[in-house]
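Peer 1: Please model the entire structure based on the sequences and the hints provided.
Here is what each chain is made of, one letter per residue.
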Amino acid sequence: MPYIPHTEDDVQAMLAAIGADSIEDLFDEIPAHLKAGQLKALPEGLSEMEATALMAARARQDAGALCFIGAGAYEHHIPAAVWEIATRGEFYTAYTPYQAEASQGTLQTIYEYQTLMARLTGMDASNASVYDGASGLSEAVLMALRANRKSKSRRVLVPRSVNPRYRQATDAICSNQDVELVEVVFDAASGLTTPAALAAHAGDDFAALVIQQPNFFGGLEDVHALTDWAHANNMLVIAVVNPTSLALLTPPGEWGEQGADIVVGEGQPLGVPLSSGGPYFGFMCCRQQYIRQMPGRIIGRTVDLEGKPGFTLTLQAREQHIRRSKATSNICTNQGLAMTAATIYASLLGPDGLEAVAAHCHANTRTLVAKLTAIDGVSEVFSAPVFHEAVLRLPRPAAEVLAALAEKNILGGYDLGRDYPELADCVLVCATETRVESDLQAYAKALQEVLA
Amino acid sequence: MSGKSIDQQLIFELSRPGRRASAQAPKALPQQALANIPATLRRKQKPGLPEVSELQVVRHYTNLSTRNFAIDKQFYPLGSCTMKYNPRGANRAAMLPGFLGRHPLAPESHSQGFLACMYELQEFLKDVTGMQGVSLTPMAGAQGEFAGVAMIRAYHEARQDDGRTEILIPEAAHGTNPATAVMCGYKVREVPVNRDGDVDLEALKAACGPQTAGLMMTNPSTCGVFERQIDAIAKTVHGAGGLLYYDGANLNAILGKVRPGDMGFDVIHMNLHKTFATPHGGGGPGSGPVGVSERLKPFLPTPIVGKDGEQYRWLDTDDLPQSIGHLSAFMGNAGVLLRAYFYARVLGREGMIRVGEYSTLAANYLLKRLQAIGCTAAYPERRASHEFLLTFASEARELGVTAMDIAKRLLDYNQHAPTTYFPLLVPECFLIEPTETETKETLDEFIDAMEKILAEARENPEMLKGAPYTQPVRRLDDVKAARELDLVWKAPR
Ligand SMILES: Cc1ncc(COP(=O)(O)O)c(C=O)c1O
Chain A
1 MPYIPHTEDD
11 VQAMLAAIGA
21 DSIEDLFDEI
31 PAHLKAGQLK
41 ALPEGLSEME
51 ATALMAARAR
61 QDAGALCFIG
71 AGAYEHHIPA
81 AVWEIATRGE
91 FYTAYTPYQA
101 EASQGTLQTI
111 YEYQTLMARL
121 TGMDASNASV
131 YDGASGLSEA
141 VLMALRANRK
151 SKSRRVLVPR
161 SVNPRYRQAT
171 DAICSNQDVE
181 LVEVVFDAAS
191 GLTTPAALAA
201 HAGDDFAALV
211 IQQPNFFGGL
221 EDVHALTDWA
231 HANNMLVIAV
241 VNPTSLALLT
251 PPGEWGEQGA
261 DIVVGEGQPL
271 GVPLSSGGPY
281 FGFMCCRQQY
291 IRQMPGRIIG
301 RTVDLEGKPG
311 FTLTLQAREQ
321 HIRRSKATSN
331 ICTNQGLAMT
341 AATIYASLLG
351 PDGLEAVAAH
361 CHANTRTLVA
371 KLTAIDGVSE
381 VFSAPVFHEA
391 VLRLPRPAAE
401 VLAALAEKNI
411 LGGYDLGRDY
421 PELADCVLVC
431 ATETRVESDL
441 QAYAKALQEV
451 LA
Chain B
453 MSGKSIDQQL
463 IFELSRPGRR
473 ASAQAPKALP
483 QQALANIPAT
493 LRRKQKPGLP
503 EVSELQVVRH
513 YTNLSTRNFA
523 IDKQFYPLGS
533 CTMKYNPRGA
543 NRAAMLPGFL
553 GRHPLAPESH
563 SQGFLACMYE
573 LQEFLKDVTG
583 MQGVSLTPMA
593 GAQGEFAGVA
603 MIRAYHEARQ
613 DDGRTEILIP
623 EAAHGTNPAT
633 AVMCGYKVRE
643 VPVNRDGDVD
653 LEALKAACGP
663 QTAGLMMTNP
673 STCGVFERQI
683 DAIAKTVHGA
693 GGLLYYDGAN
703 LNAILGKVRP
713 GDMGFDVIHM
723 NLHKTFATPH
733 GGGGPGSGPV
743 GVSERLKPFL
753 PTPIVGKDGE
763 QYRWLDTDDL
773 PQSIGHLSAF
783 MGNAGVLLRA
793 YFYARVLGRE
803 GMIRVGEYST
813 LAANYLLKRL
823 QAIGCTAAYP
833 ERRASHEFLL
843 TFASEARELG
853 VTAMDIAKRL
863 LDYNQHAPTT
873 YFPLLVPECF
883 LIEPTETETK
893 ETLDEFIDAM
903 EKILAEAREN
913 PEMLKGAPYT
923 QPVRRLDDVK
933 AARELDLVWK
943 APR
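These protein sequences, in sequence, are chains A and B. Sequential numbering from 1 applies to the first sequence in my numbering. Sequential numbering from 453 applies to the second sequence in my numbering.
Just so you know, these hints were derived from the structure itself, not from any lab. Keep in mind that the hints are not guaranteed to be accurate.
Said to hold, decoys possible - Listed next, the in silico EDC-like pairs over lysine to aspartate or glutamate satisfying Cα-Cα at most 16 Å (straight line):
(1) 40/A x 929/B
(2) 308/A x 929/B
(3) 498/B x 254/A
Claimed, not checked - Footprint (simulated), chain A over chain B, 3 or more residues, beta carbon under 8 Å:
(4) 672-686
(5) 903-913
Said to hold, decoys possible - Which chain A residues stay away from chain B? Per the calculated CB distances, all over 12 Å, these:
(6) 45
(7) 71
(8) 115
(9) 119
(10) 150
(11) 151
(12) 155
(13) 185
(14) 189
(15) 194
(16) 204
(17) 361
(18) 366
(19) 377
(20) 397
On a predicted model such as this, the values are computed, not experimentally measured, just so you know. Note that the Cβ used here is the ideal one computed from N, Cα and C, for glycine as well.
Peer 2: Right under this line is the structure:
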């Protein structure tokens, strides 16, 4: 019996202790007509060898393409030590650290994670992760509604240059509480959210403005002006940021005069593999004054009976297991292991290493754009400076070109027409530090052939 | 402060300016490579990440890991959490390079292997739950609950049945249930539970009405017993026009034996990080797929895997225009789903049925033996499901020893404590879930430990108040933690 250790003798001894004749007797409180019949879809069990072989064949089927897609998930080199340590049984098979004395390893790791996220984002505090960047934005929006005492509105301003998947998820989650996301157009030339576009909303009551940096098109917003505009109009600022970029870019805590109020983002670039979209982790940081509105687990440092320092879950009165219907969120299980991997990743890279990763991503994307726009009919769409993604216009519909590239085993980018009808012939491309010169060359050659 | 041993230092305290794990990162580029980025948008000071060597990192986190209890090291009978063995084979399969390297937005042409696994997993989950449709996207139990209740709301709205503003929840329910109902815009009304652990049916009937959107319940409940009146409950809620939500956190108890769909539930979530043996990772990730009856299928969260002939493809909001939509950026916790898929393939049809059987056997054995050494069952007349409740109310009253004291003392006996003080309606309680993967010898060791602790409670209750004694730290000051918040480390000046 896979993973079940009982011998026939064990079963008999256990039944005798219970005073039951058979295992079936233990289900005698369940009405007979509810008992399940046969399971039909499930095949016979496999051995570990067989199941592994089956999955290895499936995994091989999908491998081998050269990927230039970003759009919210980024391929980076992950040092070997990261997952070797994260998947140690002591981290991998522990539960949420409810018994603090027997969970100091996990708890200290989270405290270190909170510290490093606060430092990276320039904020005062961090929680211990939420599901992912998109659901993290929904939590940030709900948090802003609770935190902004100056606003009575349930409306939040969300530029169209914010990741459309984040906007969709946030709408799906928050609309149940009558929250309205109001779009702000982006400038057709720069691809940025401009003060002019925001001016249309000046004086209106909104709880918050969402600012993504870099934005979905890879472009660098004028975060200082946007932040100051929001604060002048009594809105909180929710920053959505890429953690790799923060090695180079102004941390949200220093945006404008006062800095952002809540910061969220996708933690995946910090040592978490692409893995079809998860498990990743959403990070969430805030200013100290809003900490009691934060969702999710938070770890604090304290002392034990003998005055020795130790770590424990704290501010639990925000959470569902204490406050039930009055909790800040329903989140319980988070993305702890991915967060652990990120802590190890950031420690291994350090400030210089992470900056080098960010710089290579930026430089590679610039080089890729130069190579691709050298091809007839291919041009860069927006004028704004970018971090590590850029939008290219193609002479043919993007979907068609991407399909032809895929046949050559090149995943050429994200088809923006899916979310922006006006960009139907545009792709969002990304080249991280994992793409070398010959990869960029291969993409240019393939595109040339496809467009010829 | 008393002397700190080396392994307690923070990674930041190990940091020295200029130290680097240089093999880990690409070579530094000249600043002109960044000339394109406006100076006003550049960071002025380096972020304060640790500057340490690779060995220091490896040693630090390896040492930290050893300061944890874990299934791989100890018996971990946390009720409602299903801490069963997490097969290493599942981990290896999910970490195959082809799976780890697949971009979530890769075209279907380059995703057939992954999609095949997900499609089959959807089918398996439908089969074991008796539901008609499954979406794998929710990232944990609570997000599954959110999806489920949001679907209930979408269903009523689609029928213009607008007066339904309330979700009913038995008082024993997990905290995520009421928190979820509120996130979905509902008011919560709690329903009392009888002294035998079943729902108070009369109270439920009185609470049901045209304002009822649905009932959320767990069966077996978090009282560790099977709700015997489930037929009558389903009839009552459906009769009032409400829908029935099944919190599948306790599915392990009935896996292969009873199917929620056959009990009349309209929508359920499963916790794959419980029932399907995927690890908890010190707090997550989990995965909380939802299953629905025919009438809720149009509302399932997207994307879902469909099949056209021999080709698998994503079904998204174009295919399911009434869907409640995307709850995350991509398709859910794929790596967790792959582990669950591996587990389902290894167990197969027969293995699934054994899960419910042997987890129930273990719980009933443990309950009977603990009663025999003097523990008080909260529901002595009832069979245990895969878990059961003890109460230490009399020890608290007579000896001044609380469930918390006993829990902390268990750590000294190298046993992880059961869930304490949940559900809230039973005072001084332990919710104990041994799972099917523990040997009888392990259960016996736990019983021995409990017997010794009960003797200690009578002979030396003060000693228990000071437990634990053998862990890296003694009992921690939670009040100080909340009053004098220290959430991030600041270098001493
Ligand atoms: C009964 C019950 N319902 C719901 C949940 C929530 O699941 P999750 O922690 O995966 O969000 C849990 C577990 O934590 C539970 O025990």
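Peer 1: Could you let me know if the closest chain B CB is still more than 12 Å away from the CB of residue 71/A?
Peer 2: For residue 71/A, whose nearest Cβ neighbour in chain B is about 6 Å away, the distance does not exceed 12 Å, so it is violated.
Peer 1: Taking the closest pair, is the beta carbon of residue 366/A still more than 12 Å from chain B?
Peer 2: violated, 7 Å
Peer 1: Take a quick look at residue 45/A and tell me if its Cβ sits farther than 12 Å from every Cβ on chain B, holds or violated.
Peer 2: Residue 45/A not clear of chain B: closest Cβ-Cβ about 3 Å, inside 12 Å.
Peer 1: If we take the beta carbon of residue 150/A, is the closest beta carbon in chain B still more than 12 Å away?
Peer 2: holds, 24 Å
Peer 1: Against chain B, does residue 361/A hold up as non-interface, every C-beta pair farther apart than 12 Å?
Peer 2: violated, 9 Å
Peer 1: Taking 12 Å as the cut and beta carbons as the points, is residue 185/A off the interface with chain B?
Peer 2: Fine: 22 Å to the nearest Cβ keeps residue 185/A off the interface.
Peer 1: Please settle this one: residue 119/A was flagged as non-interface, so is its CB more than 12 Å from every CB on chain B?
Peer 2: violated, 4 Å
Peer 1: Checking C-beta pairs, does the region 903-913 of chain B have three or more residues closer than 8 Å to chain A?
Peer 2: violated (count 0)
Peer 1: Would you mind confirming whether the straight-line C-alpha gap from residue 498/B to residue 254/A stays at or under 16 Å?
Peer 2: holds, 13 Å
Peer 1: Over 12 Å to the closest beta carbon of chain B is the bar; see if residue 151/A clears it.
Peer 2: holds, 20 Å
Peer 1: Would you check the hint for residue 40/A and residue 929/B, treating anything up to 16 Å between C-alpha atoms as holding?
Peer 2: With a Cα-Cα distance of about 53 Å, the restraint between residue 40/A and residue 929/B is violated, given a limit of 16 Å.
Peer 1: Report holds if the minimum CB distance from residue 194/A to chain B is greater than 12 Å, and violated otherwise.
Peer 2: Fine: 15 Å to the nearest Cβ keeps residue 194/A off the interface.
Checked against the numbered hints above, the structure violates hints 1, 5, 6, 7, 8, 9, 17, 18; every other hint is satisfied.
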